[in-house]
Structure formats: structure tokens, C-alpha cells
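Listed in order, the protein sequences are those of chains Z and D. Sequential numbering of the first sequence, starting at 26, is according to my numbering. Sequential numbering of the second sequence, starting at 483, is according to my numbering.
Hints are supplied without guarantee of correctness; some may be wrong.
Simulated restraints, written as ranges between beta carbons of each label pair [said to hold, decoys possible]:
(1) Z/D214 to D/P870: 39 to 47 Å
(2) D/H606 to Z/A57: 58 to 66 Å
(3) D/R771 to Z/G256: 49 to 57 Å
(4) Z/A234 to D/Q540: 15 to 23 Å
(5) Z/E281 to D/R771: 18 to 26 Å
(6) D/V795 to Z/A234: 24 to 32 Å
(7) D/R574 to Z/A355: 37 to 45 Å
Stretch-level coverage of chain Z by chain D, calculated; a stretch enters the list once three of its residues show a Cβ under 8 Å from a Cβ in chain D [stated by the list, open to error]:
(8) 67 to 78
(9) 207 to 220
(10) 391 to 397
These aren't lab readings, by the way, just hints derived from the structure by calculation. Being a predicted model, the structure only gives us computed values, none of them experimental. Note that beta-carbon positions come from the ideal geometry of N, C-alpha and C, so glycine has one too.
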Amino acid sequence: MTQVAGPTGAAGAVIDASSTSQVQDAVRDAAARGEALRIVGAGSWLHAGRPVRADASLCVRSLAGVVEYVPGDLTITAWAGTTLAELDRVTAEHGQWLALDPFGARDGTLGATVATGSFGPLAASFGTPRDVVLGLQCVTGDGEIVNGGARVVKHVAGYDLVRLMTGAWGTLGVLTMLTLRLRARAPVDATYAVNVSAPLGAWIAAYRAASVSPLATELLHAATASALGLGTDMTALVRVSGNDEAVAAQEKALAELGAVRSVSGETWAALAGGDPPRPTVAMRLSHRPARIADVWVQATTIARDVPDAFLHATLDRGIARLVLPRVGDADLVTRLRLATECARVCEVLPAALWHQVAPSAASDPLSQRVRTAFDPEWRLNPGILGEA
Amino acid sequence: MTTAALEAQLGSIVGARYVRSRAAELLVYESDGLPGYRKRPSLAVFPGTRDEAVAVVQLLARERVPFVPRGAGTGLSGGALADGVVLIGLNRLTRIIDLDPASRLAVVEPGVVNASLSRAAHSHGLHYAPDPSSQAACTIGGNVAENAGGPHCLKYGVTLNHVVAVNAVLPDGTVTAFGSADGEREGYDLLGAFVGSEGCFGVALDITVRLTPNPRAVRTLLADFMSIDAAARATTAIIAAGIVPAALEMMDAGTIHAVESSIYAAGYPIDAAAVLLIELDGLAAGLDRDVERVVALCEEAGARGVRVAQSEVERVKLWQGRKKAFGAMGRIARHLFVQDAVVPRTQLPNVMASIATIAEQHGVRVCNVFHAGDGNLHPNIPYNGSDPAERERVHAAMREIMQACIAVGGTVTGEHGIGLDKLGYMPLIFSEDSLNRMCRLRDAFDPHRLANPGKVVPVRSCREWHGFVGREAPLGAGAAS
Numbered sequence: 026m027t028q029v030a031g032p033t034g035a036a037g038a039v040i041d042a043s044s045t046s047q048v049q050d051a052v053r054d055a056a057a058r059g060e061a062l063r064i065v066g067a068g069s070w071l072h073a074g075r076p077v078r079a080d081a082s083l084c085v086r087s088l089a090g091v092v093e094y095v096p097g098d099l100t101i102t103a104w105a106g107t108t109l110a111e112l113d114r115v116t117a118e119h120g121q122w123l124a125l126d127p128f129g130a131r132d133g134t135l136g137a138t139v140a141t142g143s144f145g146p147l148a149a150s151f152g153t154p155r156d157v158v159l160g161l162q163c164v165t166g167d168g169e170i171v172n173g174g175a176r177v178v179k180h181v182a183g184y185d186l187v188r189l190m191t192g193a194w195g196t197l198g199v200l201t202m203l204t205l206r207l208r209a210r211a212p213v214d215a216t217y218a219v220n221v222s223a224p225l226g227a228w229i230a231a232y233r234a235a236s237v238s239p240l241a242t243e244l245l246h247a248a249t250a251s252a253l254g255l256g257t258d259m260t261a262l263v264r265v266s267g268n269d270e271a272v273a274a275q276e277k278a279l280a281e282l283g284a285v286r287s288v289s290g291e292t293w294a295a296l297a298g299g300d301p302p303r304p305t306v307a308m309r310l311s312h313r314p315a316r317i318a319d320v321w322v323q324a325t326t327i328a329r330d331v332p333d334a335f336l337h338a339t340l341d342r343g344i345a346r347l348v349l350p351r352v353g354d355a356d357l358v359t360r361l362r363l364a365t366e367c368a369r370v371c372e373v374l375p376a377a378l379w380h381q382v383a384p385s386a387a388s389d390p391l392s393q394r395v396r397t398a399f400d401p402e403w404r405l406n407p408g409i410l411g412e413a
Numbered sequence: 483m484t485t486a487a488l489e490a491q492l493g494s495i496v497g498a499r500y501v502r503s504r505a506a507e508l509l510v511y512e513s514d515g516l517p518g519y520r521k522r523p524s525l526a527v528f529p530g531t532r533d534e535a536v537a538v539v540q541l542l543a544r545e546r547v548p549f550v551p552r553g554a555g556t557g558l559s560g561g562a563l564a565d566g567v568v569l570i571g572l573n574r575l576t577r578i579i580d581l582d583p584a585s586r587l588a589v590v591e592p593g594v595v596n597a598s599l600s601r602a603a604h605s606h607g608l609h610y611a612p613d614p615s616s617q618a619a620c621t622i623g624g625n626v627a628e629n630a631g632g633p634h635c636l637k638y639g640v641t642l643n644h645v646v647a648v649n650a651v652l653p654d655g656t657v658t659a660f661g662s663a664d665g666e667r668e669g670y671d672l673l674g675a676f677v678g679s680e681g682c683f684g685v686a687l688d689i690t691v692r693l694t695p696n697p698r699a700v701r702t703l704l705a706d707f708m709s710i711d712a713a714a715r716a717t718t719a720i721i722a723a724g725i726v727p728a729a730l731e732m733m734d735a736g737t738i739h740a741v742e743s744s745i746y747a748a749g750y751p752i753d754a755a756a757v758l759l760i761e762l763d764g765l766a767a768g769l770d771r772d773v774e775r776v777v778a779l780c781e782e783a784g785a786r787g788v789r790v791a792q793s794e795v796e797r798v799k800l801w802q803g804r805k806k807a808f809g810a811m812g813r814i815a816r817h818l819f820v821q822d823a824v825v826p827r828t829q830l831p832n833v834m835a836s837i838a839t840i841a842e843q844h845g846v847r848v849c850n851v852f853h854a855g856d857g858n859l860h861p862n863i864p865y866n867g868s869d870p871a872e873r874e875r876v877h878a879a880m881r882e883i884m885q886a887c888i889a890v891g892g893t894v895t896g897e898h899g900i901g902l903d904k905l906g907y908m909p910l911i912f913s914e915d916s917l918n919r920m921c922r923l924r925d926a927f928d929p930h931r932l933a934n935p936g937k938v939v940p941v942r943s944c945r946e947w948h949g950f951v952g953r954e955a956p957l958g959a960g961a962a963s
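Based on the sequences and whatever the hints tell you, model everything.
This is how it looks when you write it as C-alpha cells:
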């Protein structure tokens, strides 16, 4: 274990851990010193401005690599610091893939993806990390190694620590190892850009009635489509897979919704990594899926006249995501007040605004008791959930 | 508070006729779907509305009286047994509160029967995907408590993947919302923790579930194998080909014989060592191409023949045999021990061979019928429970089967839960620290350990556990009364 100073966003030392026992030692040492820890993977979330009050950072980036992979089981077990890119590489050798495509570069870690519950367009058919993680190992805030789930695809033994840890932002335990469900690649995997005509509600109704069964469908604002080199109109990016007959039939069905053209599958990576650098705000607005057209209207209202705004929506989950660069704090607060009709989840905010516009979702008595059950001293990432 | 006083108070909430206390009335609640255990509740209470359910739990919380929530009692792990405590029957709460076809969501009370929700959604071209074999009787509330599965979970996912929100009354009487149907909710996934908590985290008052579009086309295949090994190889080959069948079920010779000599006879080949029941669904275009590929993969693995159902009648008949296989085993002996374990899919051939050896050594008959695509085994043993020697042989064989599954990296339940029956296996798959942490999680939801006491996690793992509330304990032990 080494302690070095580094640009992690947290004050104090950076503790690098490359094994579960080193994570355990770091947590126990912090407990002995009465210190709080910020947990860091690749460090890509640190610019989100989440208000963590920590004395030191615990970095699990070196806790990386595949622990067990039997392709026939369609599961993989890897250390938390393993990057998504590495998992892509390892599984592709066997015609398999991990159906998790969070926004951001693929050099983000598995641990951070699960801890933050991050997901992307594929959630429309494969769900979010809660639906993909099968088992995990973590170190609790009082330094115990705890396991949840299993290395098999169905498991209901005991209380579900996997769901609890997923999306808990590290506040219940430092994730060290994860087992995930994989998918086998279909013979054909194609992506199409479909022109979306106004009015949006009618187009969505036609889309929902169409003979298509996409892996992902992402609605792109005209400016976002343009930034991705897909023309200057509102566009739906649709990914379908199966045998060639099934894919060809779906391409035909999509053509009835608007002008359609085949585009590179790399477009998805461009979308995932396409956020403007260092945005002021990235957030998701959502409602029940039938209300997606209303959510879209709200999102476009909020983004109005912001140059280089990025705006897209996962139709089938009722979620719109917008990324705004260079917006002043006061202007931003005014704009966010426009999101009255939908649920709001912030990914990135100016540090000063977290408490004002993103009230803690974990301050109810039950959540506090759950947290205390896993991290009695609230030593792990204190403040990251917006709690006082 | 005495049992009589509690009965009177519960009666004032739900009406006296919905509180049962006489031994003869409680007899039917002594068992659930698992034979071999009998536990009698002190009282059984049946709230007829959500408000009554809340008031019942609040009264029990106030008086510190332990309770067990129960749906249809079809569970297979003894989880719905109430040992000298109050049983809360939720089967009067049967309203489908809302059906939103545009968002593909339904809101149901906990006592709604699984299959009846799919019937209600059918006219909208939708269904509720998780389909446990007991779906004609089991309730959505029970499904949530157990995180129930079913054959079609291979493609569509288990209960957890379909529950969007739950309003529940916690064991302390607080009413809480978990999850949300109206957009994303931040914070801990308490909904995910609640699903599968086996009634230990509270009582669901209403449940919002996702509905799934009915597939536009369905093909059902029956592949006939001369060895279990070959059937297992076919299973792995199909999954590896990037085809995700809606279901991929295996039945062995014992099960085939039981089904074919019952009223559920489905036309399975009685001289086969194993059959695979494979369903492919989705869009019509390209589906027959996948069927051809699956047929070829089965033949390459050694199938004697593959039959594709040519009509809806034939398709339903093939499924009927599978879904009623447990019932068909009832003809063999009076009792049936239905087991549930999961192994990595590639270990299926090894484990099936181990099970056969164990069965022979103990002189028991194992009928295997299971979700091969998920590696989710159901080795079942029909037996005569009134013969103590046979009963002991069956239990000894089951223990060895479970140990064989654990030894290859498997787990002890994929969809039936731990309940009472599998408590002893928990230390074999979880460390003491992990079990202790589960106890602490339970205490966050239920500090006084009133809800379904003594289930899921072995008592000794809870370091601060103050004793098991059993039949001998006075009702409401620890309460101020």
C-alpha cells in the first residue's frame, strides 16, 4: 500500500489498494484514526462536484482484473477496479458482451458503474446494474468483508445485499469484487438512424406499435444528432439484433416511421462519450414511460438557448438526459425550476448547488438505519448522497 | 396481552369472522407447499382492506406480537409457516388497482393471483412475465416476498426485474413507499432489498409491476435425448449461439414417466432419458430461422428427434405436462419434496450425475424437472412421509444433493427462498460476517424482529439475537403488556 498525494478532489492522502485485504486494512486504519474516506475508482465522477467530506481517498483502481470467467456460464467475476473496456475485450474473445453502457468513457471502472448505478441506452432492454449484477464482495464501513449474491444467474438465498450495494455510492461498503451476467452476441447487431417527425407524441405512438424489438432506442435532439454527424433533424438511434432475417424485417418496419439509414455501431460509443467536456450540469428527467413526450418538452425548455447543449432520451424507460455547458449558477437554478412535472436525478452539478437543487434521497429514517447497519460511523463517502 | 384480548382487538379491526383461533380452523394454515413441517399459528387474521392491513400491523407492533404474512401458502421452503405467532392472511386483498397499458404498468394488491393479472392484461396485448409453476394459485405479494421465478424468467427475468414500486407497512407500523413508477428515484434500492425478503421486512400493501408485451409469435419445441449429458450439451450450445429462448426446461425419465402416466400426459417420449422443452418467441420475422438453428444444435448434441408444436393445442399440452409435473408426481407417493438449487450452467452434467449416484446410494427416486437454461435445478423426491426411515433417507439424500451443488459453485435456492427448510445451508454459502450483516439489515427494517421470526438467516448468526420466538414463548414476549 502506498500513500501519495494526488489530484483526487479530496483533501489528504491517497491510499492505493490492490487487494481486498488492503481495502480492509485501509478502512480499519481510517477507523482507528477516526477519519472518513472518499472511495475512488478511475476518478471520473470527481468532477461531478458531489460534496464528500473526507480526510483521505481510497483508490481501488489497482484492484483490477478478471477473477473467474467460464464462457459457457455467461457470467464473469472481476475485481472492482477493472475497466469496462477490459471487460469488453475479454468477453468479445468468446462472442459475449456485458450489456452495460453508462455514459462516459469505457475506461471507467466496473466498481464505479455499479456503485453509482450508472446505465445507458441498453437499459431499455437489459435493465440497469441492479438487473445485471449477480454477486459481489465488499468491505463495510467497520472493515468486515461481506458477500452478497452468488456466481450463478439465479439466487434468492438470504437478504439481497447486491441490490442494496448497487447504486449506494459506496456508502454501505467499498465494492471489491463483482459477478455479472453476460450476453452472447447475436449473429447480426445493427444500428439505424431514423428521422423523427413532429408531433413527437404521434411518432412515439407509431414507434410503439411497430414490429420492432430493439436493444436500445435513443431519441436525439437535432443539435445532438448533428454533433454526432447524423444530420440536422431530430433522430432516433435504434439498435436491433438477431438473425439477418429478423434484422432486415425490423429495418423495414423502422422505414415506415421515417427516413432510415444504417449507421456504425460506434455511434453508441460516440453518444456515450459525447458529453461536452466539464459540463456545468448533467441530469436526467423522468416519468412513467407513457409520459416521455412531456418529459422531452420539459428537457428542451430547460436547455433552450444554451449553446452546445446535449439532449437525448431513452424512450422505453421514460428518461431524458441533458448536459449543459457554461451555464451560470443563478441561470441554472432558474432553469431547473422548470422541471416541475418529472422526477429529476443529477449526475453533475456545481459543488455549491448540490444541497440547493438535489436534496438528499437517503435522509429518511429507514435509509439512515440501513446505512448505520453497514457503516456505523458513516465513514465511507460521507456527504455524497447530499446528506447533512 | 392475552391471546383472547388480542383476538378481540384484531376482530374490532377486521370483523370477528376474519379472525380465526380455533384449532380446527387453524389446521389448514399449519403447512405450506413444503411437506414435513407443521407449525400452528396462535391466531390467523384476514384484513379485507389496505387500511385494515395497516391497522393490524400497527396493533401487533404496538403490542410487540410477532407475525407471519401469508399469501396463497404455495411456497416451498416453509417461509409462510407461523409457529405460535399471528398469521396475517393477505388473500382478501385481491384488487387490481390500476392497469396502465400505455406505460405497461399495473398496480395490484398483494393477494392478486399471478395468473389472474396476466388474464386481466391480455386484452391490452400484455402479460405479467414471471410464471412460477403455481401461478394459478400463488399471489403477487407472495411472489414479491420470495422473488419468485418460473420457466420464462430465462428471457424475461425474475420478479425483482418486474417490480417497479411497493407501498408497504413496515413491522413497526410505518407506511413507506419503495421505488417509484413515475420516474427514477435516487437513494438506496430499498425496493430491491424488500423483494425477496421473505416477509421479514414488512407487508406489501400494493405492488406496481411492469407488464410485458405478448410476443407476436411463439414456437415451442420438444427435443428428445438418450442421455442427460446430451440434453445439457444442447442447452449450452443454444445459449452460446446468441439465441435467448423464452424458456428452456429439462425433464428427466422419472419426470417424463410421472407426467405420462397422469391426466397431464403431454405425449413426451417415455423411453427418453431426458427431454428439453424449448420455447422461442418474439417477432415473427426470423423466428423460424432460429427454430431451425435450435433444431440443428439439438441434433448435433445427439437428440433422437425434435418436435415443433404445430398448433396452439399441442403447444399448451406440452406446457401443461411441464407445469403440472409436480402434481403428476403426487401419483407416485403421498409426499413430494420439491428441491431448488442453482449451479453454473456448465456444471449441469456433473451435478446431474452426482444426483443420480446420491439417489441410488440412499434408495430414493429423484425426478428432475428444471430450468436448464438458468442452471436452476429442481430435484424432487416423492416419498411416504409417514415412514420415518424413508423420511430420513429422503432428507439425507437432499442434504447431499445440496452439498454437491454448493461444491461446484452453486447456491441453495434460485426461486423458492430459504424459509425454514434451508436455514442450515446458509453457513455453507455465506460467511459468518455476511450472515451477521444480513441480520443487521433485517434489524434496520424490523428492530423488534416481529416479522416472520426465525426465517431466512440462522438464529445463531445474529449475534445480538435475543432468542427465537417459538411456540413455547408467551405471545407478545418482551412487550410491555
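Here's how the hints hold up against the structure:
Checking the proposed 39 to 47 Å range against Z/D214 and D/P870 shows it is violated: the Cβ atoms sit about 59 Å from each other. Distance hint for D/H606 and Z/A57: a CB-CB separation of about 60 Å, consistent with the stated range 58 to 66 Å. Roughly 33 Å separates the CB atoms of D/R771 and Z/G256, a value that falls outside the hinted 49 to 57 Å. Restraint check, Z/A234 to D/Q540: a C-beta distance of roughly 47 Å breaks the suggested window 15 to 23 Å.
For the hinted restraint 18 to 26 Å between Z/E281 and D/R771, the CB-CB distance of approximately 22 Å keeps it satisfied. Checked against the hint of 24 to 32 Å, the C-beta distance between D/V795 and Z/A234 comes to roughly 29 Å, which is consistent with it. The hint said 37 to 45 Å for the Cβ distance between D/R574 and Z/A355, and at roughly 55 Å that hint is violated. A count of 0 residues in the segment 67 to 78 of chain Z with a Cβ less than 8 Å from any Cβ of chain D is obtained; the coverage claim is therefore unmet, three being the minimum.
Coverage of a stretch by a chain is defined here by at least three residues with a beta carbon nearer than 8 Å to that chain's beta carbons; for the segment 207 to 220 of chain Z and chain D the count is 5, and the condition holds. Interface restraint, the segment 391 to 397 of chain Z with chain D: holds (6 residues with C-beta to C-beta distance below 8 Å; minimum three).
Violated hints, in rising order: 1, 3, 4, 7, 8; the structure is consistent with all others.
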